[in-house]
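The primary structure of each chain is shown beneath.
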Amino acid sequence: MNDNNQNSPSKFCAGCGHPIVLLALGKTLEEMGLSKQAVLGLDIGCSLLAINFLPINTFHTHHGRVSPTMVGFKKARQDSICLGYTGDGGAYAIGLQSLLHSAKRDEPITVLVVNNTVYAMTGGQTAPTTLIGQKTITDPEGCKSAPILGPELIRQVANTKAFLARVAVNDIKQAREFIKKAIETQQAGHFSLVEFLSFCPTNWRTKGRETLEYLENLKKVFKIGEI
Amino acid sequence: MVNSRQFLTGSEVFVRAAIDSGAGFMFGYPITPASEILSGWINSGKKYLQTEDEIAAGFALCGAVLGGEKAFTATSGPGNILMQDGLSMAEGMRLPFVMVAAQRGGPSSGTVIYSQQEVILSCFGGNGEGMRFVYSPSNLSELYKFTRKAFNDAWHYRFPAIILTDGYLLKTKGVIDFAKIGEIKNISPRALVPKDSVVHWPNIYTFEEELYQEIKLAKDDFEKVAEDIADCESYQTDKADILLVAHGIVGAAAKEAVDELRKKGINAGLFRPITLRPLARKKLDKIAGQESVKKIVVVESSLGQLARIIRDQIAPEICAEFAYMQYPGLGIETEAIVDFVAGLRVVSGEI
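As they're listed, the protein sequences go chains A and B. With the working numbering applied, the first sequence covers 1 to 227. With the working numbering applied, the second sequence covers 1 to 351.
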């Protein structure tokens with residue numbers, strides 16, 4: 001078991017949205033006094049780079065398998081705050097079956113989905129969230145099908161008390177507010193999921209202002225707010 | 001006082017063993033012939049989760065043991081394939097992942113009762129090196145005993161443990177005398193993700209050397225543990241001419257065949273591996289290396305999965321000839337083994 005140096009530099013690309021989400025999470029946990037009870041499971045993809053980002057218990061799982069792993073952890077340790085951290089591919093493609101069933105059963109876990117509309121770690125392939133017309137490595141002519149709207153889809157099977165929301169990483173205040181509500185929902189015994197619309201300048205091939213504009217554009221398709 | 005002798009099915013025996021081992025939770029997805037374990041566990045009032053598939057059962061099990069719960073799953077055939085995903089994580093992180101694999105005929109959905117075709121899958125499935133304990137019980141009493149042992153070994157040595165059985169043994173109903181098995185002490189589970197300190201626990205690495213160190217450590221530990229846990233039954237092997245090698249319920253038939261063959265004047269013996277991983281190779285070499293041994297007959301309900309393991313692990317200087325009795329997915333009875341071995345001797349002009 002490695003205990004990586006917490007002071008090692010972040011491994012995320014410059015301009016990546018992940019560190020914003022993780023900092024929002026870390027600060028919210030600290031504020032709620034829950035850092036000790038928190039357990040962060042990581043999906044594989046860019047999410048895996050969060051292994052030593054926060055001073056809380058953190059471990060890797062497999063690609064698409066973070067929700068069932070955290071479901072199992074929660075069964076063993078009901079007093080823990082179980083957080084599953086994943087990308088949009090892990091959540092809505094390979095891991096969708098488990099995610100939907102976790103919501104259907106109203107498992108008291110919190111899933112944090114970082115949606116940047118591509119498979120970023122593997123080089124920018126089409127994801128379940130890729131927009132119509134968006135060009136990717138695997139859709140050089142542009143994606144032809146509409147993106148999956150995760151929280152809206154999950155709403156169809158989730159308990160009415162489940163907290164489902166979407167926020168963008170350029171609104172840190174709302175991001176922290178939603179993380180807090182999601183954790184409180186877990187504490188009340190229900191499923192929660194927050195999707196973060198996030199930057200990926202590396203795979204979007206955007207710079208500075210373009211990146212921000214790209215994100216703003218995403219908000220037209222992916223509705224911000226509680227769902 | 002409860003009568004120590006009870007009339008139970010294999011599934012009931014397993015459930016009793018899991019309860020007696022102190023297991024608190026089962027994750028499972030229904031599949032024949034392992035479903036009775038899930039329903040039996042539920043009927044005994046224990047905590048469980050019926051997952052959406054075997055992949056989820058495997059990972060939920062990983063999560064539960066990370067949290068410190070003694071837990072397990074049960075599956076078969078196509079489910080065993082899906083379970084390899086979670087088992088691979090368990091192998092990578094040295095998690096005490098306990099599973100019953102109730103073999104069914106394959107490939108594909110195959111059949112549901114009799115088979116020894118999940119040997120290679122259970123021993124070496126996944127993108128790893130097969131660092132897991134695999135027990136192959138030959139009767140109900142061993143099913144109980146080695147289930148208890150699997151839980152203890154998994155938590156003590158921190159390797160995944162698989163009880164490899166089949167539909168036939170799980171559906172067999174027979175008398176089991178718990179007094180004869182005696183008392184077995186349980187190893188207590190512990191929270192692998194600690195409650196009072198912080199760990200950052202990876203299973204994916206940036207550098208080849210980091211992963212290599214982890215594998216090397218696991219390999220050294222596995223080899224050291226093998227000395228303690230590798231187990232086998234040696235029956236009438238002293239100065240035997242013909243050495244039968246068989247495991248599980250085929251091993252039970254082979255044991256009876258040894259007696260029948262000896263009545264016919266054929267000097268047969270049996271090496272029955274109880275752990276397929278790690279294999280009791282020193283014992284195997286000692287028995288198979290005797291000058292008296294002319295033939296090693298591997299008997300199995302598969303096209304050579306046990307034979308592959310035996311040939312791979314046996315000392316290379318052992319020069320007895322191999323012969324193979326292979327009926328993939330078919331039941332193998334004592335008489336068939338006796339006829340096969342007697343036939344071999346006729347062909348080679350020894351009778």
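Hints are supplied without guarantee of correctness; some may be wrong.
As the list claims (entries may be wrong) - Taking lysine-lysine pairs in the DSBU-like style, the calculated list, with each CA pair at most 30 Å apart, reads:
hint	chain 1	residue 1	chain 2	residue 2
1	A	K11	B	K216
2	A	K104	B	K46
3	A	K180	B	K216
4	A	K144	A	K220
5	B	K282	A	K27
6	A	K104	B	K47
7	B	K216	B	K264
8	B	K282	B	K224
9	B	K263	A	K161
10	B	K264	B	K286
11	B	K282	B	K239
12	B	K282	A	K36
13	A	K181	B	K195
14	B	K195	A	K11
15	A	K104	A	K181
16	A	K161	B	K216
17	B	K46	A	K161
18	B	K47	A	K181
19	B	K47	A	K36
20	B	K282	B	K185
No wet-lab data here; the hints were simulated from the structure.
Hint by hint, here is what the structure shows:
The hinted pair formed by K11/A and K216/B meets the criterion: a straight-line CA distance of about 26 Å does not exceed 30 Å. With a CA separation close to 22 Å, the supplied pair K104/A and K46/B stays within the 30 Å bound. Between K180/A and K216/B the alpha-carbon distance is near 43 Å, which puts this suggested pair outside the 30 Å criterion. For the given pair, K144/A sits about 18 Å from K220/A by alpha-carbon distance, which is consistent with the 30 Å threshold.
As the CA atoms of K282/B and K27/A are separated by approximately 57 Å, the hinted pair breaks the 30 Å bound. Simply put, K104/A and K47/B have alpha-carbon atoms about 19 Å apart, close enough for the 30 Å limit, and the pair holds. Distance check on the hinted pair: K216/B and K264/B sit about 50 Å apart at the alpha-carbon level, beyond 30 Å; violated. Restraint check for K282/B and K224/B: the C-alpha separation of about 13 Å stays at or below 30 Å, so the hint holds.
With a CA separation close to 73 Å, the supplied pair K263/B and K161/A exceeds the 30 Å bound. Proximity of K264/B to K286/B is assessed by CA-CA distance (about 26 Å); at most 30 Å being required, the pair is judged to hold. Among the hinted pairs, K282/B with K239/B is consistent with the structure: their alpha-carbon atoms are about 17 Å apart, no more than 30 Å. A threshold of 30 Å between alpha carbons decides the hint, and for K282/B with K36/A the separation of about 48 Å lies outside it, so the pair is violated.
The suggested pairing of K181/A with K195/B holds, with an alpha-carbon distance near 24 Å, which does not exceed 30 Å. The hinted pair formed by K195/B and K11/A meets the criterion: a straight-line CA distance of about 27 Å does not exceed 30 Å. A C-alpha spacing of about 19 Å is found between K104/A and K181/A, which places the hinted pair at or below 30 Å, so the restraint holds. This hinted pair does not check out: K161/A and K216/B have alpha carbons roughly 48 Å apart, beyond 30 Å.
The straight-line distance between the Cα atoms of K46/B and K161/A is roughly 27 Å, inside the 30 Å bound, and the hint therefore holds. Annotation: proposed proximity of K47/B to K181/A holds, straight-line Cα distance about 29 Å (limit 30 Å). Annotation: proposed proximity of K47/B to K36/A holds, straight-line Cα distance about 26 Å (limit 30 Å). Only pairs whose Cα atoms come within 30 Å are accepted, and K282/B paired with K185/B is accepted, the gap being roughly 27 Å.
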